[in-house]
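Let the sequences and hints guide you as you build the complete structure.
4 protein chains.
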Amino acid sequence: LIKEYEDDAHQYVPTLGIPDDEFVTVKKLITKEEVRVVTLAKLKLRHDMCLWDIGAGSGSICIEADHLLPNGKIFAIERNEECRQFIKENLQKFNTRNVSLIEGVAPDCLEELPDPDRVFIGGSGGRLWDILDTVDHRLATGGRIVLNAITLDTLTAANEYFGNAGYNVEVVTVNIARTRPLSDYKMFEAYNPVYILTAVKE
Amino acid sequence: LIKEYEDDAHQYVPTLGIPDDEFVTVKKLITKEEVRVVTLAKLKLRHDMCLWDIGAGSGSICIEADHLLPNGKIFAIERNEECRQFIKENLQKFNTRNVSLIEGVAPDCLEELPDPDRVFIGGSGGRLWDILDTVDHRLATGGRIVLNAITLDTLTAANEYFGNAGYNVEVVTVNIARTRPLSDYKMFEAYNPVYILTAVKE
Amino acid sequence: LIKEYEDDAHQYVPTLGIPDDEFVTVKKLITKEEVRVVTLAKLKLRHDMCLWDIGAGSGSICIEADHLLPNGKIFAIERNEECRQFIKENLQKFNTRNVSLIEGVAPDCLEELPDPDRVFIGGSGGRLWDILDTVDHRLATGGRIVLNAITLDTLTAANEYFGNAGYNVEVVTVNIARTRPLSDYKMFEAYNPVYILTAVKE
Amino acid sequence: LIKEYEDDAHQYVPTLGIPDDEFVTVKKLITKEEVRVVTLAKLKLRHDMCLWDIGAGSGSICIEADHLLPNGKIFAIERNEECRQFIKENLQKFNTRNVSLIEGVAPDCLEELPDPDRVFIGGSGGRLWDILDTVDHRLATGGRIVLNAITLDTLTAANEYFGNAGYNVEVVTVNIARTRPLSDYKMFEAYNPVYILTAVKE
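Chains as they are written, first to last, in my numbering: chain A, 1 to 202; chain B, 1 to 202; chain C, 1 to 202; chain D, 1 to 202.
Keep in mind that a hint or two might mislead.
Chain copies aren't distinguished; within one or between two, either way the pair holds.
Unchecked claim - Derived EDC-like pairs: lysine to aspartate or glutamate, alpha-carbon spacing no greater than 16 Å straight-line:
(1) 186 - 170
(2) 186 - 153
(3) 28 - 189
(4) 32 - 103
(5) 32 - 202
(6) 93 - 108
(7) 28 - 82
(8) 88 - 112
(9) 93 - 153
(10) 88 - 66
(11) 201 - 170
Hints in this document: simulated from the structure, not taken from any laboratory.
Written out as structure tokens, the structure is:
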């Protein structure tokens, strides 16, 4: 399989479904390929929207979103220095056009950004409630927030926030298992479940 | 990538993740939104590829693929007349650019089509083995076949075929549940599991 | 542990795993066979314990528990008259020895019962908090409460209660699919997911 | 939590649902608590039956079955010496009454055993087909075989065998996730999926 991202990224990267191992990352931090695309589908991006990716991790969500927002703006917010290095490498490798990396801590660093149409929250650094409050003030009616929870606590807190703030909320649980070769056999290996919350501002 | 329908700027279609109920369809036939995007991710489409969608059903896969193949060709193959009517309505509603509807029974009707880079098999009408044989002869090295199985029998048969024919096979099981409102509560409702087989020709 | 019914030696009941369709019930109300036995396992019953089954439904949990509590006491609490009729028929059919049916509304009707070692909550009729408060006052240290939640709201409320009250809580999500014949094929059909909360009083 | 198995096993071991970490074992080899009880439910044991447990591993299945077969006979067959040591320790710890440990390789060592009413296959050492052939010759009409598959290959092979041999087959997929504490949070961790095949001889 020939890959020549630096020379000709547009030709060889898939327009959706970049394999996890194509990203430079701390292995456990990445949103798995399958969960990533369900997350993108829930965002219901339109070509010219503004997306905030809060807790961008390795940048995989905003790198795939770049294909879906050809005339849009994407802000990758990440407070961890090591992760930001990964994001920089990945942005370069995949030759993204519309992604800006924001160094800072959410929600403080959000002030300078243009209002979002869509917000993805992949991590909150323990400040979920503050982040949601800030996002709520900046998001227009009809806007969408998508949040991936891997703990019961985040699931509960986010669901409570959205309920109180009058959002229309859907929760999707995603349980995926993938075969990996085990001698001559295909053994099923499970990912940990992810709860994808989608909140629409009414 | 700009899409408008019903002359209504507020009803732009998302570039990924069209909700299931936007498609005209027999309800049980549609590949659910979340499974649909995982399927598209597994196809790893590139902008100018040729995709065969065998057993296109309501056309949801090829309508979403149309956004991911701006310079490509998509053939929606469907033998059922009622389904073809749904596909026609959906193609028009979503204003697809690169999808051709093929009336006929696979594998017979595949002869006239250009060679595929990617093949999705959503239904086989009981002729899975013949279809796979034909696809195998037409698919180039490095090409990909993605098949969604909802029965143990199809999972087994396809896996056996791909193993014998020397493909590199991955199986992903997708278990999704979605909340729906039940009086004031959010009740989890499960979709039936889907087995997504991805076979790469080596 | 010998059980006979309908005078037919070939129809001995199994000591664990009574099929769902052996119970008289409203079909949707029964805890599915697989979920039922995981629930029983979480209760960690010992031979002479006292079990409260609150919201007993069709009685399937306490009928299976009867085998596991040969020297114990089981109280099936159910406020719905139609369900109580089902329970009566099922208790008779399966010839239980240690189950008493309590007609009344929890938590009010719990006062008259002996203190429990184990409590299963299958339904709360909208009074979950009151029921948990009453159970908490009556349960000894080391006692266990098991609760099956099918809504996000019940999962959240119960988890919050147990956290505040100082219980050690584990949540298990159970996603089961079972094949059913579809012409010659075995099609996978999913049950809705169930969240089994186990709270141990410390 | 006081445990005094040696002195008073009957009093302190639960009659169902022994926690995984109570067994001496290689950690990855044990059938998880929740899967174990679903497996036992599928066996539909009656009080005086004869059970073969082929590939007994740590003995957890036959130790729990011992409670459900008070007048029965259980044969734990295990070819691995290290595993047999674990089984011996576990049998002693849980003070089982009806379990006999068989040192040998299935199907060869099955010849000496009495005919089974129920057979559980947890491992086959690469000789699945031979084992199923032998079991099929010894099992009476109405008998049951339960097999836990964690690979697609075993699932496929067993399903094919049972289909050819005229058994009535049900497949249940079990996807479980359990919360574990992560600092102050409850994080969901998935077990790998297990396919429980139940074959009834007609």
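Within, between, both or neither: how does the pair residue 28, residue 82 come out at a Cα-Cα threshold of 16 Å? Answer is within: at 14 Å inside a copy they meet the 16 Å cutoff, but 33 Å across does not.
At most 16 Å between alpha carbons: which applies to residue 28 and residue 189, within, between, both or neither? both (15 Å within a copy, 13 Å between copies)
Reference check for the pair residue 93 and residue 108, CA-CA at most 16 Å: within, between, both, or neither? For residue 93 and residue 108, neither the intra-copy (29 Å) nor the inter-copy (43 Å) Cα distance is at most 16 Å.
I want to check one pair: residue 186 and residue 153. Are their C-alpha atoms no more than 16 Å apart within a copy, between two copies, both, or neither? between (34 Å within a copy, 6 Å between copies)
Evaluate residue 93 and residue 153 at a C-alpha cut-off of 16 Å and name the case that applies: within, between, both or neither. Answer is neither; intra-copy 35 Å and inter-copy 38 Å both fail.
Please sort residue 186 with residue 170 into within, between, both or neither, judging by C-alpha distance up to 16 Å. between (34 Å within a copy, 8 Å between copies)
When Cα atoms must be at most 16 Å apart, do residue 32 and residue 202 count as within-copy, between-copy, both, or neither? Classified as neither; 30 Å inside a copy, 25 Å across copies.
Within a copy, between copies, both or neither: which one fits residue 88 and residue 112 at a CA-CA cutoff of 16 Å? neither (20 Å within a copy, 46 Å between copies)
Up to 16 Å between alpha-carbons, please classify residue 88 paired with residue 66: within, between, both or neither. within (14 Å within a copy, 30 Å between copies)
Residue 32 and residue 103: within-copy, between-copy, both or neither at 16 Å Cα: For residue 32 and residue 103, neither the intra-copy (24 Å) nor the inter-copy (37 Å) Cα distance is at most 16 Å.
Residue 201 and residue 170: within-copy, between-copy, both or neither at 16 Å Cα: within (12 Å within a copy, 33 Å between copies)
In this structure, the earlier hints numbered 4, 5, 6, 8 and 9 are contradicted, and the remaining ones agree with it.
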